[in-house]
Amino acid sequence: MEHTTRGHLTRRALLGTTVSGLIVSGCSSLSSGPAAPKPVDPQVVLLRSLIAAKEQMIQLYQRGALSEDVPAAALAPFQERHAAHLAAFRKLLPPDATAAPSPAVTPSPAPTSAVSVKKLRDAERKAAAGRPAQMAQASPALSQLLASVGACEAVHVMALGGLRG
Amino acid sequence: MADSLAKALAAEHAAVYAYGVIGAKTAGKLRVRATTSFDAHRARRDQLRMLITQQGAKPAEPSPTYQLPFEVTRPSDAVRLAVLVEQRLVTAYLELAADEDASVRRVAALAAQECATRAYGWQPAVTAFPGMPGQTASPAQPDGTGEATEETTDGTGETSATTETIDPTPIASEPSAPQ
Chain A
1 MEHTTRGHLT RRALLGTTVS GLIVSGCSSL SSGPAAPKPV DPQVVLLRSL
51 IAAKEQMIQL YQRGALSEDV PAAALAPFQE RHAAHLAAFR KLLPPDATAA
101 PSPAVTPSPA PTSAVSVKKL RDAERKAAAG RPAQMAQASP ALSQLLASVG
151 ACEAVHVMAL GGLRG
Chain B
1 MADSLAKALA AEHAAVYAYG VIGAKTAGKL RVRATTSFDA HRARRDQLRM
51 LITQQGAKPA EPSPTYQLPF EVTRPSDAVR LAVLVEQRLV TAYLELAADE
101 DASVRRVAAL AAQECATRAY GWQPAVTAFP GMPGQTASPA QPDGTGEATE
151 ETTDGTGETS ATTETIDPTP IASEPSAPQ
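From first to last, the protein sequence lines are chains A and B. Under the UniProt record's numbering, read the first sequence as residues 1 to 165, first letter to last. Under the UniProt record's numbering, read the second sequence as residues 1 to 179, first letter to last.
These are calculated hints, taken from the structure and not from any lab test. Please note that the accuracy of each hint is not assured.
Listed next, the stretches of chain A that the computed footprint assigns to chain B, with coverage defined by at least 3 CB atoms under 8 Å from CB atoms of chain B [claimed, not checked]:
{"hint": "1", "region": "74 to 86"}
{"hint": "2", "region": "127 to 135"}
{"hint": "3", "region": "140 to 151"}
{"hint": "4", "region": "155 to 163"}
Simulated restraints, written as ranges between beta carbons of each label pair [unchecked claim]:
{"hint": "5", "chain 1": "A", "residue 1": "G130", "chain 2": "B", "residue 2": "E100", "range": "52 to 60 Å"}
{"hint": "6", "chain 1": "A", "residue 1": "R125", "chain 2": "B", "residue 2": "Q55", "range": "31 to 39 Å"}
{"hint": "7", "chain 1": "B", "residue 1": "A102", "chain 2": "A", "residue 2": "A87", "range": "24 to 32 Å"}
Note that the Cβ used here is the ideal one computed from N, Cα and C, for glycine as well.
The following block holds chain A by itself, in its conformation from the complex (with noise of 0.2 Å):
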C-alpha cells in the first residue's frame, strides 16, 4: 500500500498510525501497562487550587509593597493574614497528598512590578465572591473555614478602601 505522495505523508496513512498506535498503546494499556493512577479526592484538589490562589495573593501583597501608592508596612498585616489562611488550607491536606502539587501550585517567579492598591481590592473582592462557590464542594470543616477567610477577604476590600493609594 502507497503511504507517501511525493515525500509526504498521505492522510490514509497518518489517520492508520494514529488508529493502530491508539488501539497498541490501549492493548498495553489494558495487558502489561502500569496500574492506573489512583483518583485525586476532591477535596485534595480543592484545597490544592485554594493554596495555589493563596500563594498568588501573597505574591500580589509582596508587588503591592513596591508600589508608591502606600507604604509597605501598611500592607504587612494583610499579608500575614493570607499567610495565616495558606498554612490552615496546607494543614488540611493529607500528608500524602503535599509531595504531589497540582501544576497550577508552581510558584510564580519573584515579584519585579509593582500593583496598586486597587488591584489588591479587587483581588481581595474576587477572592471573597468566590468562597460560596467553593464551599458548595467542601468539606464541612472546610467549609466553614472558607466562610471564615471569604469574611476576612471581604473586610480587607474595606480596609484597603481606608489606605491611601
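Once you've looked at the hints, dock chain B against the given chain A.
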C-alpha cells in the same frame, strides 16, 4: 431542621432587638448605620425563617425581651454592643456553613461576610479568621481602638423567664480555630 439554622435565626432575632437599643442610643451617622444594620438583620431573619419553613419546620419567634451583656447608656456602649452582636453572628453563620445544603451554605457565607464587614464599619479591627474562637483583632488603622472587650455585666438586672440573653449562640459544634 438543622440546629445551626435555628441558632442563626435566634441570633438574628437577638440582633434585631439589639439594634433597636443601639439606634435609640445613637444619633447622626451612627443612627443611620444602626438603622441600615437593623434593616439588614431583619432581611436575614426573614430569609432564615423562610429556609426553616421550607424544611417543614416552624421557625421560632423572638423573645419579648433580651438581656444585654452590659448596660448601654452612651453611644460608645452602643457601638461596642453592635460589634459584639456582629461578631457573634459571624460565629453563628460559620456553624451554619457546615450545613449539607449548598444553598444554605451560600446564605451562611454571604451573611458571615456582611456581618464581618458591618463589625469593621463599627470598629475598624481585623482578624485572620472572623468568627473563629480565640481570635485577636488588630486595628486596621493607626487610630483604631482594637477589638471590643466583652463584658458580662448585666445592666438591666432583669431575670424574667421571658428574657433571653443577647447572646443566644452557644456554639455546640464550634468551628475549630486554625492553629
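Here is what the structure says about each hint:
1. Counting residues of the region 74 to 86 of chain A whose CB lies closer than 8 Å to any CB of chain B gives 5, so the stated coverage by that chain holds, three being the minimum.
2. Only residues whose beta carbon comes within less than 8 Å of a beta carbon in chain B count, and the region 127 to 135 of chain A has 4; three or more means the coverage holds.
3. Coverage of the region 140 to 151 of chain A by chain B holds [criterion: at least 3 residues with CB-CB distance below 8 Å; count 11].
4. Coverage of the region 155 to 163 of chain A by chain B holds [criterion: at least 3 residues with CB-CB distance below 8 Å; count 6].
5. At about 21 Å, the beta-carbon gap between G130/A and E100/B misses the expected band of 52 to 60 Å.
6. For the pair R125/A and Q55/B, the beta carbons lie near 32 Å from each other, so the given range of 31 to 39 Å is met.
7. Against the hinted window of 24 to 32 Å, the Cβ-Cβ separation of A102/B and A87/A comes to about 27 Å, which satisfies the hint.
The structure is inconsistent with hint 5 alone, although it conforms to all the rest.
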